[in-house]
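Here the protein sequences come in this chain order: A and B.
Take the first sequence: its letters are residues 1 to 137, numbered as in my numbering.
Take the second sequence: its letters are residues 1 to 77, numbered as in my numbering.
In short, the hints are calculated from the structure, not lab data.
None of these values were measured; they are calculated from a predicted model.
It is possible that some hints are incorrect.
[Stated by the list, open to error] Think about it this way: if two alpha-carbon atoms lie no more than 27 Å apart in a straight line, the pair counts; the simulated DSSO-like pairs of lysine-lysine are:
1. A:Lys88 <-> B:Lys77
2. A:Lys88 <-> B:Lys22
3. A:Lys88 <-> B:Lys47
4. B:Lys77 <-> B:Lys47
5. B:Lys47 <-> B:Lys22
6. B:Lys77 <-> B:Lys22
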Amino acid sequence: MDEPLNVVLFSGTDDRLQAASVLVAGAAALGRPVNVFLQYWALDAFRADRINADHGLAPEAGEAGRAAVDALHAAGQAGWAETLRQAKDLGGVEIEACSLSMDLLHLRQEDLDPLVDGVEGVTAFYLAAGDGQVLFI
Amino acid sequence: MTLQITRQVDARGLTCPMPIVKTAQAIAPLAPGSIVEVLATDAGSVKDFAAWSRTTGHQLIDQSVDGAVYRFVIRRK
């Protein structure tokens, strides 16, 4: 399992980020390197001033989905940002912002949560990805 | 089987993948051969600990279930 897992996060809703954070943390716990590349609305969710805000759910969640997500959270489930923090604590997890998306959203790195290690272009992402799988979420 | 438990991880109430994440965090700084005992309530943890142990090389030396609580005993590689 030396090939990294490469996760491109595009969606910025809490449910997709939560599911993605579980995949990242699981791979990290297995000792597998993980590269996370933040694009578009996922990058927006990593803004320091709103990372802990409510980012909504994917449309298919509906009201029942909202209630289920809230119940799990109320029962103490770690949120996606906390899950990613724990994953990074294990080592081997690199989170990079897509430079095009930074331009799109008029962001500078200091606007982002410290979970984000840096800003890079897609070529640098592919170089880090090597022959590992790429997931787009 | 009497084992000297070096570290306990109480992952009861934590959802996937936190039992594995907390265990991986706890075991990393320990000396090889150290024994870690984990308690978890996540139903997925039975297959997860087996897979994690196989992949990482840490040895799952005992497991049991008491009601809704799963117990895993792992020897650090």
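Against the structure, the hints:
1. Proximity of Lys88 of chain A to Lys77 of chain B is assessed by CA-CA distance (about 22 Å); at most 27 Å being required, the pair is judged to hold.
2. A C-alpha spacing of about 12 Å is found between Lys88 of chain A and Lys22 of chain B, which places the hinted pair at or below 27 Å, so the restraint holds.
3. Of the supplied pair hints, the one linking Lys88 of chain A and Lys47 of chain B holds, its CA atoms being roughly 23 Å apart against a limit of 27 Å.
4. For the given pair, Lys77 of chain B sits about 19 Å from Lys47 of chain B by alpha-carbon distance, which is consistent with the 27 Å threshold.
5. At roughly 16 Å between alpha-carbon atoms, Lys47 of chain B and Lys22 of chain B fall within 27 Å of each other, so this suggested pair holds.
6. Using a Cα cut-off of 27 Å, the hinted pair Lys77 of chain B and Lys22 of chain B holds, with the two alpha carbons roughly 17 Å apart.
In this structure, none of the earlier numbered hints is contradicted; all agree with it.
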